[in-house]
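Protein chains: 4
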Amino acid sequence: MTVTDVSTGRSARPASDTLQLATIGAGRIGSNHAEIVARHVPGATLAAISDPVPGAAERLATALDVPLATTDVAEVLDRADIDGVLITAPARAHTDLVVAAATAGKHVFVEKPMAVTLEDADLAIAAAEEAGIVLQVGFNRRFAPGFAAARAAIDERKVGAPQLLRSLTRDPGPFTADPSRIPQWTIFLETLIHDFDTVCWLNPGATPVRVHATADALVRPDAKADGHLDTAVVTIRFDNGAIATTEASFSALYGYDVRAEVFGSEGMVTAGNGRRTDMTYYGADGIQADTARRDTELLRAAYTAELRAFTDAICNQSPVPVTGHDARRALSIALAAIRSIKTASAVDIAEVTK
Amino acid sequence: MTVTDVSTGRSARPASDTLQLATIGAGRIGSNHAEIVARHVPGATLAAISDPVPGAAERLATALDVPLATTDVAEVLDRADIDGVLITAPARAHTDLVVAAATAGKHVFVEKPMAVTLEDADLAIAAAEEAGIVLQVGFNRRFAPGFAAARAAIDERKVGAPQLLRSLTRDPGPFTADPSRIPQWTIFLETLIHDFDTVCWLNPGATPVRVHATADALVRPDAKADGHLDTAVVTIRFDNGAIATTEASFSALYGYDVRAEVFGSEGMVTAGNGRRTDMTYYGADGIQADTARRDTELLRAAYTAELRAFTDAICNQSPVPVTGHDARRALSIALAAIRSIKTASAVDIAEVTK
Amino acid sequence: MTVTDVSTGRSARPASDTLQLATIGAGRIGSNHAEIVARHVPGATLAAISDPVPGAAERLATALDVPLATTDVAEVLDRADIDGVLITAPARAHTDLVVAAATAGKHVFVEKPMAVTLEDADLAIAAAEEAGIVLQVGFNRRFAPGFAAARAAIDERKVGAPQLLRSLTRDPGPFTADPSRIPQWTIFLETLIHDFDTVCWLNPGATPVRVHATADALVRPDAKADGHLDTAVVTIRFDNGAIATTEASFSALYGYDVRAEVFGSEGMVTAGNGRRTDMTYYGADGIQADTARRDTELLRAAYTAELRAFTDAICNQSPVPVTGHDARRALSIALAAIRSIKTASAVDIAEVTK
Amino acid sequence: MTVTDVSTGRSARPASDTLQLATIGAGRIGSNHAEIVARHVPGATLAAISDPVPGAAERLATALDVPLATTDVAEVLDRADIDGVLITAPARAHTDLVVAAATAGKHVFVEKPMAVTLEDADLAIAAAEEAGIVLQVGFNRRFAPGFAAARAAIDERKVGAPQLLRSLTRDPGPFTADPSRIPQWTIFLETLIHDFDTVCWLNPGATPVRVHATADALVRPDAKADGHLDTAVVTIRFDNGAIATTEASFSALYGYDVRAEVFGSEGMVTAGNGRRTDMTYYGADGIQADTARRDTELLRAAYTAELRAFTDAICNQSPVPVTGHDARRALSIALAAIRSIKTASAVDIAEVTK
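Chains as they are written, first to last, in our numbering: chain A, 1038 to 1391; chain B, 1038 to 1391; chain C, 1038 to 1391; chain D, 1038 to 1391.
Treat the hints with care, since some could be wrong.
A few chain C residues that don't get close to chain B, going by computed Cβ distances all over 10 Å [what the hints assert, rightly or not]:
1. P1079
2. D1159
3. P1356
4. S1382
In silico lysine-lysine, BS3-like type, Cα no more than 27 Å apart, as pairs [what the hints assert, rightly or not]:
5. K1379/B <-> K1261/B
6. K1379/D <-> K1195/B
7. K1379/A <-> K1379/D
For the record, the hints were derived by calculation from the structure and aren't laboratory data. C-beta atoms are modelled at their ideal positions from N, C-alpha and C, and glycine is treated no differently.
Only chain A is shown next, with the shape it has when bound in the complex (with noise of 0.2 Å):
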């Protein structure tokens, strides 16, 4: 159902077929890609969701009528007419099921975070570019339609010169998780994740050098004790000068809030407002609007923007958006903004790259 492109080492298929996708995964995340790949995105086909919950993937399958449902996920890696996986597992499982996927020469759609130490990121890495398959990661923000346009006014040099950045995360209020179930160091490797490539994506052609965090646990301060991080403020020094700001909380009452600023010599971009629709009350209390509730419905249109790039990247060979070394970028530092916890200093990322 697939043949090689020799020159690009991709493959290439005939725009009449339809890609074959299958789910690893059916927890929240792995639900509303499944739904969106099954209903949303021209030219894929989801085929197959595995889950080792038992039940978990049948329900799924049944709501979206889709053929098969299993809790092996050998099974699915082992169907050849699978092109590609969505791997929407807990994160400590990502690097594992990446390499079993490249290596059965699926493509690979990751959820951040790919790896959370850099020797997965390059055991990952390594194992798609051998395999020769499409490896594309999670970074939803890049797809938010007002973050993909602050990014080309970048582009297009309406802004200059990127001086000063910001990106921040909160999970949506009231916090109601158990902080002992949480792994520790989540804060940095599954939220401001996304914050790091998001300054790195809006900082085009910059390294990060530097980087300096402080955390704690604010939210549920008698978790602490465990360890457990729930605010947390990185501040991120690039080569070419810029200085990054990102920022995260594991409780925002008022909804989810994702955000942007890029400020350089020539002017400014936001991206994001919180708010879920153009409509707005005027009452006793004043003026009111609504925010957005879930990342599913504030980033509906980035997470639906993804999976076509990724459906397209394979059909079409178009460029991966989001690439393993965008994913291990990110981690680098997030890795370092651990160490700057640990140290209570601020930390050169070449320390924990080298």
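Chain A is already provided as a structure; the job is to place chains B, C and D on it using the hints.
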């Protein structure tokens, strides 16, 4: 493929089945709707496209991988496996197509205006009722997220009793069409018809009773002698006392502008802001933001939602969100507005409906 | 203290002199203007206050350190050292006071409406011209920063030829006044008169020619039988083809709402947003912002600017920014609107002015 | 003209009296403050102006009708009828002038920074306390309506416990000053000092404990060799766990940008939007709005309010809204930031204050 549900007179179909739809009219808006049905409406398949212009249906069918393309609408209506049709032909052909499709037992989504005379509107409504089909009209504002949220706020009594309403439609400029090819009264029958429906829908339970219209050819003054009107304001009085102003222009240089405002005893809601994304640029000329330039961009979510609602009304017997009676009501306002222009005076709607 | 400038007929005064002004009327708006003149108008001193209500002038004079307080307006007009007066008495007394003050050689700033009949308007204008005094009318929107910037954009041709205009005034709610004490037609003569001036001023060079009005008692339906109207929409047609809609309500629960919009061949300007400050709050109920609840807060900058302009017109012979002729024009629209209500039809302004 | 209030150590004065103030320093900001006191502060009179530059005080005094102009500050301080002074001289002269004025028994409003060493700050505070005078520092953000509303929301517990704060100051571009004439560390001591105060003031009751700074010469890279810094980010940790980021640039091409954001356990407040008016223009290039280009325009209301508060503190013994201790606290952050730059590491504020 369908079975009659005796209790409602509408057809019921098993959930696992895919609805087979056809598009009648492969022009600009027909192509837009065809693409949405083909790719973004779960449970529906685009099975056929017809357009009398040689090649038009074929080109679109090829792009969307649709099996049947024809210049003969009868070929579509004769197909037993087609469940419903989208009528996106020129406005003057709408009623005949609605009647023909209903008579053939097809569910009908018809673009506005459903009819341009009340007699035709009655014919269409009667044909649909006799055939027991779903008849839905393309008043898309109702499905735009901001407008839908405004209506929800009204339903929650946050606005209180509506007193002053506003709805406007401004097509994006510059105006490049040939005015002589635009049917007379188009600004009322095809443009403001949206706003007439919007203000009725945002004033639930009230009936429009009296109309005053002012109009001119300000965009193309040279075409005025031919009866071409491109700028209009229509004031509508409701039986609950509320006063609505509706406004249209054929050339908004800044983009596509669709907005509404409802002011009542307890507050106000507004919907629509004309922005393309949430990106804002700050440069030497101040603050700047992009506007939407095409309805298919500005109203993308609305077009998708209305076509999903159509599918849902057919498959799940959910209420038809925009009925033939809604279309007739908006048309009665348009006809009163036209009489108001002709007589240079305010007109009771009863004058045109009796 | 003043010398006549023969060439203009207006008085000139040395720059080092302080202008001596008096306030006639110590009610809500009179107190507001008195405070501004006493404290925030360079080159002017508040020298006297008169109000027929015993004690009213005294209380205000004490608070503002003004030497003369009286219940007898003649005492003010007889004073040779008073250069000008601010007339902030009830509307029906305006014309007589303008004529008396002009006859006494005092410059006049008169709150809107300058007159409620065209005959009175002509008397006021003639008295001012004969006396060679400055006569300025209190159309404050012209001095609000956003409105002034809108007019500047129009003057810079950024909007092109105005085609559709909107101006609205909504008094803050809840409405607590006794409707029986509000003179009939107040919504046209005292509220919408602002908007009538605004749309004329924002459509420079054009003349209003025809009016259609709709009005009702929606805030206090019980008072309708007494002829009380609290909600109105007036459509105005100009000789350059432009169509304006003006709108008023006596009870906007969310605050004081004063806005304008001008749409033209090259773009659109809007002014007014109802916000009190640039603070925004994001909480569990979404996004919130404060609104202004009083005109003296919302229009503070405008009130100050218009009184400075009045001083400037007297001291420096700068052009009078709002003339008696402007007041007469706005009044002619109000009178046509009243006739439109009475006759339930559109009315040519020539019918009321001939 | 003043009598000592023994209980507070501050002078009391009869309300009917006018406070006699003098301006020391007739440069840009001195002229701004002088105009405000001369014309817009009820109860205060500008009685004298001094500036060592020949002619500077005279020119300003003539424009504002001020009786005394001198190049010798002693002439002002020796005048028994002067109640207070505004110190708007260059920053390095502030402390000496505060001490001299306090010793002369004058109340003091001093522009930021009050001092550039902690020793000087202590001298100024001690001199003021010994003299029993009012000592107020020019942290104007506190008086900007949006910032004041933000603080009010915090005081009303709408934000909950502050967790993440942001304050930024960007001077308007293009940058045209000669970098060699700007004292080293100005970005911390004169620009960010505002933001240091803002984040302390918006985090009531908390104490800043640790600082990390990053800075560069990005606006004028050629001046970096001389130690000129024009772009900086400072992260501040508070003892209640909150983390603040403050940010400055010497050249925002789009105008003067002063904003703040406070995120807490219950919500978020933001203040500042950079707009000049509420006018919005929609044209062929999209949506546009004007920005403020001068602090004296953007912060006009704040400057007026702080000088009224100063007068009020003197005349009515109302609390001094910005004290010498507030200035010392902001200075301690600035000094820690400078040390952070020098050592390329995070710095405990205790290191610079012990």
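The hints, checked one at a time:
Listed as outside the interface, P1079/C is consistent with that label: its C-beta sits roughly 30 Å from the nearest C-beta of chain B, beyond the 10 Å cut-off. Once the 10 Å rule is applied to beta carbons, D1159/C is consistent with being away from chain B; the minimum gap is 29 Å. Annotated as non-interface, P1356/C keeps its C-beta farther than 10 Å from every C-beta of chain B; the closest such distance is 29 Å. With a cut of 10 Å on Cβ distances, S1382/C falls inside the contact zone with chain B, its closest approach being about 5 Å.
A C-alpha spacing of about 14 Å is found between K1379/B and K1261/B, which places the hinted pair at or below 27 Å, so the restraint holds. Proximity of K1379/D to K1195/B is assessed by CA-CA distance (about 58 Å); at most 27 Å being required, the pair is judged violated. In summary, the hint linking K1379/A to K1379/D is supported, as the alpha carbons are separated by about 22 Å, within the 27 Å threshold.
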